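There are 4 protein chains.
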Amino acid sequence: MNHQDLIAYCQQDWEEYTEHDFVNQLATGDLNKYAFFHYLKQDYLFLKHYARAYALAIFKSSTLAEMREPLPGLSALLESEMNHHIEYCQTWGLSADEMEAEPEDFGTVCYTRYVLDTGSAGDRTDLFTALAPCAIGYAVVGQRLEKWAETKLEGNPYRSWVELYAGEEYQSGVEETIRRLDDMLEEIPLESKRGQRLCEIFKTATRMEVAFWEQGMQAAQ
Amino acid sequence: MNHQDLIAYCQQDWEEYTEHDFVNQLATGDLNKYAFFHYLKQDYLFLKHYARAYALAIFKSSTLAEMREPLPGLSALLESEMNHHIEYCQTWGLSADEMEAEPEDFGTVCYTRYVLDTGSAGDRTDLFTALAPCAIGYAVVGQRLEKWAETKLEGNPYRSWVELYAGEEYQSGVEETIRRLDDMLEEIPLESKRGQRLCEIFKTATRMEVAFWEQGMQAAQ
Amino acid sequence: MNHQDLIAYCQQDWEEYTEHDFVNQLATGDLNKYAFFHYLKQDYLFLKHYARAYALAIFKSSTLAEMREPLPGLSALLESEMNHHIEYCQTWGLSADEMEAEPEDFGTVCYTRYVLDTGSAGDRTDLFTALAPCAIGYAVVGQRLEKWAETKLEGNPYRSWVELYAGEEYQSGVEETIRRLDDMLEEIPLESKRGQRLCEIFKTATRMEVAFWEQGMQAAQ
Amino acid sequence: MNHQDLIAYCQQDWEEYTEHDFVNQLATGDLNKYAFFHYLKQDYLFLKHYARAYALAIFKSSTLAEMREPLPGLSALLESEMNHHIEYCQTWGLSADEMEAEPEDFGTVCYTRYVLDTGSAGDRTDLFTALAPCAIGYAVVGQRLEKWAETKLEGNPYRSWVELYAGEEYQSGVEETIRRLDDMLEEIPLESKRGQRLCEIFKTATRMEVAFWEQGMQAAQ
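Chains as they are written, first to last, in UniProt numbering: chain A, 1 to 221; chain B, 1 to 221; chain C, 1 to 221; chain D, 1 to 221.
Since the hints were made in silico from the structure, they are not lab data. Check the hints yourself; a few may be wrong.
Unchecked claim - Far from chain B, some chain C residues (derived; all Cβ distances over 10 Å):
| id | residue |
| --- | --- |
| 1 | F59 |
| 2 | S61 |
| 3 | S75 |
| 4 | L78 |
| 5 | E79 |
| 6 | H84 |
| 7 | C89 |
| 8 | R159 |
Unchecked claim - One side of the interface only, derived from the structure: several residues of chain D facing chain A at Cβ under 8 Å:
| id | residue |
| --- | --- |
| 9 | S75 |
| 10 | M82 |
| 11 | I86 |
Keep in mind it's a predicted model, so treat the numbers as computed, not measured. Every residue gets a Cβ at the ideal spot worked out from N, C-alpha and C, and that includes glycine.
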């Protein structure tokens with residue numbers, strides 16, 4: 001099996017996630033500012049647990065090569081990306097103190113802890129399968145919005161968000177992630193119990209991503 | 001510190017949880033039937049992960065005495081309570097197949113995975129602190145509803161739910177749980193970093209319990 | 001693949017383990033009494049971590065059926081077997097206090113922590129593969145010693161040890177364990193990366209069992 | 001409590017570890033070459049699991065500051081130290097292939113899996129306490145050998161080993177490690193159950209370090 005099988009197994013949830021109003025409204029520039037602020041603050045909390053998941057992947061590795069794979073991502077997260085995130089939020093007037101004081105919302109807890117528990121209970125392949133909807137989904141969203149007729153970059157306050165995920169750097173990073181995932185999945189038959197279990201993990205993680213968009217929308221109501 | 005300190009740290013969240021409309025409407029008999037059905041189906045999925053948390057507590061024990069403490073609860077869950085739950089649901093017309101086919105809703109994922117990840121990342125005391133709002137909260141709800149002026153047991157379709165948690169057996173079980181938790185907390189000063197961290201865990205788990213009630217209410221809308 | 005493939009992969013280590021002088025000398029009655037005492041005391045410490053491994057298996061289960069499988073073994077260990085072990089040791093003049101005061105020897109740490117770490121890092125199948133040499137090996141030892149020409153049960157102080165593992169109850173319990181392991185392994189091709197990794201786990205756990213016999217022998221020197 | 005309490009709790013084991021013949025013979029230059037080769041090959045396998053323990057510490061962190069602490073050590077291990085180790089071994093005529101083909105010996109399994117299981121079952125403080133004998137002990141060995149009357153650096157084939165651990169860079173790194181450990185231990189009373197449990201962890205890990213030296217000595221026999 002490969003990552004396409006995972007997506008096909010939960011096509012409807014996948015579309016709900018990658019074609020969600022939240023990202024469409026980012027592309028048209030119509031997203032409520034407070035929905036975006038909520039998303040930014042929660043995304044910061046999300047990144048902490050995302051880094052924990054990468055560390056868990058190193059703990060769960062058998063070979064030195066496996067241990068080395070998640071390291072650049074983990075280093076980038078802890079050494080630069082979380083700081084960049086704070087800086088970006090400051091351009092929106094959100095202070096570092098405000099970020100730190102923010103309690104985790106339900107959608108953030110849902111997705112992050114689902115990934116971490118799935119990784120703790122399962123093996124490295126289970127963990128990377130639970131992490132996959134995040135990386136792959138944002139790349140799909142980026143590609144789609146770039147070509148979408150209704151996307152309006154000129155004067156769009158969320159332009160840099162769209163450009164980040166549609167951009168070459170992010171897209172090629174995800175291609176590498178997909179290649180590694182497909183390597184892990186290669187010897188697992190889709191119809192095996194193991195294959196079906198991985199499909200269920202991917203599907204549930206995809207549903208939790210929807211909860212993450214939803215909480216942003218609800219924050220603005 | 002003891003369990004009272006944990007509750008006092010998040011008094012407002014605690015009240016939101018233990019005085020939630022969901023349980024008040026159970027006591028008056030006014031709860032929407034579909035809200036209750038949703039709750040029942042999700043509670044079944046919840047119990048599976050609750051049993052996993054008890055097993056994790058055994059894994060995390062140092063002494064034989066510590067290992068033996070969670071065993072009766074774990075055995076009861078896997079050997080009888082989950083079957084009783086299915087039987088009770090059948091009295092409401094929910095089949096076992098329907099229970100099995102139910103996908104986990106967001107509130108269920110939130111609470112269960114938060115507990116399990118907190119337990120995996122922390123030690124046995126962290127785990128039992130994350131589990132505490134469930135047991136203690138249901139006992140507080142039971143006591144409160146039993147005395148509440150608006151509670152109406154006669155002809156109330158949810159009567160057995162109220163009586164279960166107000167009942168002697170459940171209440172004395174929780175007293176034992178509290179005694180053990182207080183033993184674990186006894187040597188930890190409330191104002192220490194460790195004490196404050198445990199307060200944060202209890203508070204977050206309490207907020208996740210609110211999400212669990214909320215998802216029941218939302219299901220009926 | 002199945003359990004026979006695991007054994008075949010490490011045939012030499014397997015024989016070193018199941019045909020070790022320690023068990024041969026139990027069968028002939030020639031084992032040094034202090035070697036046996038050391039073994040008994042360490043086996044008690046071993047059982048604690050063995051129970052932790054069973055609890056970990058429940059934590060790592062996806063379905064209710066999977067969660068229920070290790071429960072009877074876990075309950076038996078914590079509720080009766082550890083007490084029986086203490087009683088048996090008392091017939092040899094080893095007091096419960098002596099058992100409790102015994103520090104874990106290296107071979108005990110090797111085997112138990114290898115199993116637990118392999119289970120934590122991997123999934124349920126990795127865990128049961130690491131546990132397999134213990135159950136299967138003792139059954140093989142029991143069968144072999146029962147038929148061995150040099151086995152001398154009459155007047156042998158270790159007779160009950162040999163009879164326990166050669167006995168119907170232990171043998172049929174292991175048959176069930178093997179059946180479950182083979183079910184888990186069924187869909188994994190021996191030559192896959194996953195299959196080879198499981199072979200390495202089984203081989204290392206088998207080598208750690210040898211360390212467990214060795215430490216008994218060394219204690220008597 | 002602080003790290004001195006941990007050492008004082010197991011003074012005899014600590015001396016057996018830090019004044020072991022293995023390191024004394026390194027300082028006098030008398031160590032059997034094959035004992036050293038065995039040590040080098042096992043140390044390479046040790047480093048892999050040491051890196052896994054650092055990753056586990058990141059997984060087990062609550063704050064961003066906690067997550068960042070083990071990262072430089074983890075990066076250094078995976079990006080440079082393991083390669084340097086291979087290069088150093090090559091100067092002794094041990095090929096990279098030989099390193100990879102080496103099975104883990106019992107002492108290596110003992111120490112590494114004890115640390116990892118203690119960390120999995122406990123919290124971040126338990127994990128760092130189990131890791132502490134390694135870092136602190138090597139610094140103590142380095143200091144002692146540097147001043148020891150019988151140490152002979154001139155013409156000693158193991159000179160670089162002694163100089164590495166006696167050197168400024170290693171010593172100041174360990175001072176930082178000790179400062180962090182003492183911060184974690186500061187609010188835990190030595191006589192509390194938690195304090196005594198940490199003493200037991202440190203003692204057992206120290207005993208496992210002895211097993212690591214021992215296996216080197218035995219390999220030369």
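Results for each hint:
1. F59: violated (4 Å)
2. S61: violated (7 Å)
3. S75: S75 of chain C is in fact no farther than 10 Å from some Cβ atom of chain B, at 6 Å.
4. L78: violated (5 Å)
5. E79: At roughly 7 Å from the nearest Cβ of chain B, E79 of chain C sits no farther out than 10 Å, so the non-interface label is violated.
6. H84: Given a closest Cβ separation of 14 Å, the condition holds.
7. C89: At roughly 14 Å from the nearest Cβ of chain B, C89 of chain C sits farther out than 10 Å, so the non-interface label holds.
8. R159: holds (28 Å)
9. S75: holds (6 Å)
10. M82: With a minimum Cβ separation of about 7 Å from chain A (threshold 8 Å), the hint on M82 of chain D holds.
11. I86: Because about 10 Å separates I86 of chain D from the closest Cβ in chain A, which is outside the 8 Å limit, the hint is violated.
When held up to the earlier numbered hints, the structure conflicts with 1, 2, 3, 4, 5 and 11 and fits the remainder.
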